[in-house]
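J.: Protein chains in written order, with UniProt numbering: chain A, 1 to 389; chain B, 1 to 389.
Honestly, I wouldn't trust all of these hints.
Repeated chains share a single entry, so a pair holds when one copy, or any two copies, can fit it.
Simulated crosslink set (EDC-like; lysine to aspartate or glutamate; CA at most 16 angstroms straight-line) [unchecked claim]: (1) Lys111 with Asp90; (2) Lys290 with Asp90; (3) Lys179 with Glu273; (4) Lys111 with Glu59; (5) Lys313 with Asp90; (6) Lys138 with Glu97; (7) Lys236 with Asp206; (8) Lys138 with Glu110; (9) Lys10 with Glu223; (10) Lys167 with Glu377; (11) Lys308 with Glu75; (12) Lys183 with Glu109; (13) Lys236 with Glu207; (14) Lys238 with Glu296; (15) Lys138 with Glu61; (16) Lys17 with Asp206; (17) Lys167 with Glu18; (18) Lys183 with Glu273; (19) Lys111 with Glu373; (20) Lys385 with Glu182; (21) Lys137 with Asp26.
Please keep in mind that the hints were generated in silico from the structure rather than gathered at the bench.
None of the values given here were measured: they were computed from a predicted structure.
Number of protein chains: 2
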Amino acid sequence: MLIFSVSEYKNRLTKTKESMEKQGIDVLLVTDPANMNYLTGFDAWSFYVHQLLIVIADEEEPIWVGRGIDASAAEITTWLKQESIIPYPDNYVQSTERHPMDFVANIIEEKGQANKTIAAEYDAYYFTAKNYIQLTKKLPNAKFVDGTSLVNWIRIVKSDGEIDLIKKAATIVTQTMYKGIEKINAGVRECDVVADIFHKQISGTDEFGGDYTSIVPLLPSGEKTSACHLTWTDEKYKEGDPVILELAGCHKRYHSPLARTLVIGQPTPEMEELADAAIEGIEAALDVIKPGTTCEQVELAWRKSIEKRGFEKESRIGYSTGLNYPPDWGEHTASLRPGDTTILQPNMVFHMIPGIWMDTYGIEISETFRVTENGCEVLADVERKLFIK
Amino acid sequence: MLIFSVSEYKNRLTKTKESMEKQGIDVLLVTDPANMNYLTGFDAWSFYVHQLLIVIADEEEPIWVGRGIDASAAEITTWLKQESIIPYPDNYVQSTERHPMDFVANIIEEKGQANKTIAAEYDAYYFTAKNYIQLTKKLPNAKFVDGTSLVNWIRIVKSDGEIDLIKKAATIVTQTMYKGIEKINAGVRECDVVADIFHKQISGTDEFGGDYTSIVPLLPSGEKTSACHLTWTDEKYKEGDPVILELAGCHKRYHSPLARTLVIGQPTPEMEELADAAIEGIEAALDVIKPGTTCEQVELAWRKSIEKRGFEKESRIGYSTGLNYPPDWGEHTASLRPGDTTILQPNMVFHMIPGIWMDTYGIEISETFRVTENGCEVLADVERKLFIK
């Protein structure tokens with residue numbers, strides 16, 4: 001069930017070890033499910049219990065540690081040898097007496113790493129405070145350091161194989177976005193539109209299917225468009241409602257996100273003005289993208305463009321995306337925002353989503369793009385406009 | 001948009017403060033999205049950035065702290081006063097220079113709580129090691145203690161209003177399970193079956209719609225039934241495949257999970273024997289449930305029943321469920337397993353899921369039940385058998 005060749009996984013591991021060496025790290029604990037997948041292929045909905053990879057600089061393979069009943073998923077989905085898959089007993093699960101990190105600490109000790117420099121992803125969702133407290137207690141002679149996003153930064157430049165999966169995801173999101181726009185009408189329940197969106201996201205195309213996206217479809221409508229992360233309700237759309245659709249296609253855990261805004265009926269002049277400003281701004285930003293440009297330069301092009309129309313936006317306008325698991329499809333590395341001097345390179349992929357939210361309404365029009373050799377390539381194929389139903 | 005009356009939320013807050021007082025806690029930081037929802041109504045897909053409630057024993061209302069663009073979701077979905085909603089600026093998001101917990105520490109300081117006993121949910125998914133490290137650094141005079149599952153334990157006994165939502169979720173899962181079983185056939189792609197399952201989960205019924213479930217549908221087939229948390233692929237079902245369906249209905253974030261197993265074609269005698277053992281075991285366990293029984297007694301009834309057939313199962317056979325967000329619909333409190341002496345009370349709800357996995361095949365047949373005044377009530381209405389297609 002490996003998605004990539006074993007040599008691609010090993011190449012990723014080599015880069016990880018190089019980064020560890022530069023930072024003086026002997027052991028890296030990888031908890032982020034996307035990073036676990038990136039290095040080994042591991043893919044299962046088991047991140048709701050503690051699991052991680054132990055990457056030891058001096059050992060050839062990472063060690064997978066997880067719950068007993070998930071060891072067979074590791075055997076099926078990874079390139080790891082059987083002896084590199086070490087399950088913990090079920091009485092460690094959500095126990096007040098035993099913690100899985102006690103088990104992990106024992107392995108680190110057995111491998112002779114208890115007095116080394118150990119990095120963990122301190123700010124990753126699934127590396128809890130309790131993990132940190134237990135590990136530092138059980139391994140008092142180790143030096144613990146922050147390894148947040150170490151692997152994420154390696155993920156930022158994609159291989160051609162990864163780009164292929166992201167393009168498949170873009171095909172799915174193109175079809176899904178048109179399906180959602182088609183289904184939204186006055187009198188239709190929000191949940192029924194989202195049901196059709198999910199159906200298209202998961203069934204995908206005749207050639208390839210879709211996976212679950214790391215964020216569910218977000219479709220705020222009416223005054224709720226000012227609150228961008230609300231999910232759907234049982235309510236019916238009403239004439240005059242603006243509706244934001246933010247969703248993604250996903251194929252083999254690789255994402256291509258996309259947002260569009262529509263109005264049921266006649267948009268207000270304010271909405272039209274907002275949409276024109278957003279589209280102009282996106283185009284201005286896309287125009288400056290090429291290898292060598294920095295992330296903050298892309299944001300600046302957007303900001304200068306919308307300022308001409310008298311608009312301001314305070315949050316970042318985009319982020320690196322690709323392989324991921326809930327709750328986020330962002331990679332937590334480069335952001336398109338002031339102060340981010342990351343230099344764009346070919347095969348980086350970003351979701352540029354410069355929403356503008358006013359007090360009682362808002363607009364989101366976005367594109368996911370790949371940096372090419374001399375510019376950028378927009379991945380989905382959905383008209384860039386304010387849709388009117 | 002409040003789901004329950006303000007007095008129900010305040011009653012939950014009172015119970016939380018009583019539990020805080022018993023444990024000598026002055027300030028509780030609530031990061032678990034289900035606990036945030038439980039106390040305030042807050043409901044948005046914003047848990048991918050740092051957010052929390054600060055519950056101060058001496059203050060009437062909790063304080064919501066989250067990202068600026070999510071403050072309007074807090075205004076729309078909670079009963080909190082505007083001044084209790086404190087957003088942090090966007091340059092705190094995934095920054096290497098600023099951390100949202102610095103912002104939280106300032107609020108705690110301003111509220112005169114910097115030298116008090118502060119509890120946080122140390123082992124909750126979204127309370128990272130970095131949160132802990134920043135808070136303890138910024139508030140050196142506070143005493144930090146573990147508040148994991150403090151609110152979860154209050155959630156374990158449901159109100160009648162909550163039971164009503166869980167029953168609606170059970171109606172959805174009943175219809176969804178039959179839809180999934182109907183669609184699975186040799187030659188059909190797994191992703192197409194899951195697309196129909198999602199559609200039913202989200203569209204719900206004519207009377208009420210469905211929400212996203214905290215775990216996606218899990219449908220391992222063939223030899224993959226030995227790996228219970230694998231998700232679907234683009235592959236086609238084959239004649240002879242066993243297929244496990246583990247899914248839930250969800251209504252306004254309240255879940256009712258359910259699992260069934262089917263075989264495409266003729267089951268092997270081993271599968272039939274396994275199914276008979278599982279069904280007998282579930283029935284034996286359901287028979288002993290009533291207020292006053294302990295969780296471990298329920299597991300013991302199951303274990304004794306399957307032992308008669310020569311089977312053993314090492315993992316827990318169930319857990320408390322209800323309100324939740326990804327990645328888990330379990331509440332992380334009581335488990336049906338040896339050593340858990342939690343006493344069953346009316347309006348507790350459990351998902352009893354005693355899967356048995358052999359080396360190359362497995363079976364899952366489950367029920368979600370409510371403890372009643374004198375026994376239990378099974379919530380979904382799906383035949384308890386090995387389905388044969």
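J.: All the hints need checking, so say for each whether the structure fits it.
T.: Hint check results:
1. Lys111 with Asp90: neither (23 angstroms within a copy, 42 angstroms between copies)
2. Lys290 with Asp90: Result: close neither inside a copy nor across copies, 51 angstroms intra and 26 angstroms inter.
3. Lys179 with Glu273: neither (26 angstroms within a copy, 45 angstroms between copies)
4. Lys111 with Glu59: within (9 angstroms within a copy, 50 angstroms between copies)
5. Lys313 with Asp90: between (49 angstroms within a copy, 10 angstroms between copies)
6. Lys138 with Glu97: within (14 angstroms within a copy, 30 angstroms between copies)
7. Lys236 with Asp206: between (32 angstroms within a copy, 12 angstroms between copies)
8. Lys138 with Glu110: Answer is within; shortest intra-copy Cα gap is 13 angstroms, inter-copy 35 angstroms.
9. Lys10 with Glu223: For Lys10 and Glu223, neither the intra-copy (50 angstroms) nor the inter-copy (27 angstroms) Cα distance is at most 16 angstroms.
10. Lys167 with Glu377: Close inside one copy (11 angstroms), not across copies (48 angstroms); limit 16 angstroms.
11. Lys308 with Glu75: neither (57 angstroms within a copy, 31 angstroms between copies)
12. Lys183 with Glu109: So Lys183 and Glu109 fail the 16 angstroms test inside a copy (57 angstroms) and across (50 angstroms) alike.
13. Lys236 with Glu207: between (34 angstroms within a copy, 12 angstroms between copies)
14. Lys238 with Glu296: neither (39 angstroms within a copy, 52 angstroms between copies)
15. Lys138 with Glu61: neither (24 angstroms within a copy, 38 angstroms between copies)
16. Lys17 with Asp206: neither (40 angstroms within a copy, 55 angstroms between copies)
17. Lys167 with Glu18: neither (29 angstroms within a copy, 54 angstroms between copies)
18. Lys183 with Glu273: Neither: 25 angstroms inside a copy, 47 angstroms across copies.
19. Lys111 with Glu373: neither (44 angstroms within a copy, 53 angstroms between copies)
20. Lys385 with Glu182: This pair counts as within: shortest intra-copy Cα distance 15 angstroms, inter-copy 41 angstroms.
21. Lys137 with Asp26: Close neither inside one copy (19 angstroms) nor across copies (25 angstroms); limit 16 angstroms.
Hint compliance for this structure: hints 1, 2, 3, 9, 11, 12, 14, 15, 16, 17, 18, 19 and 21 are broken, all remaining hints hold.
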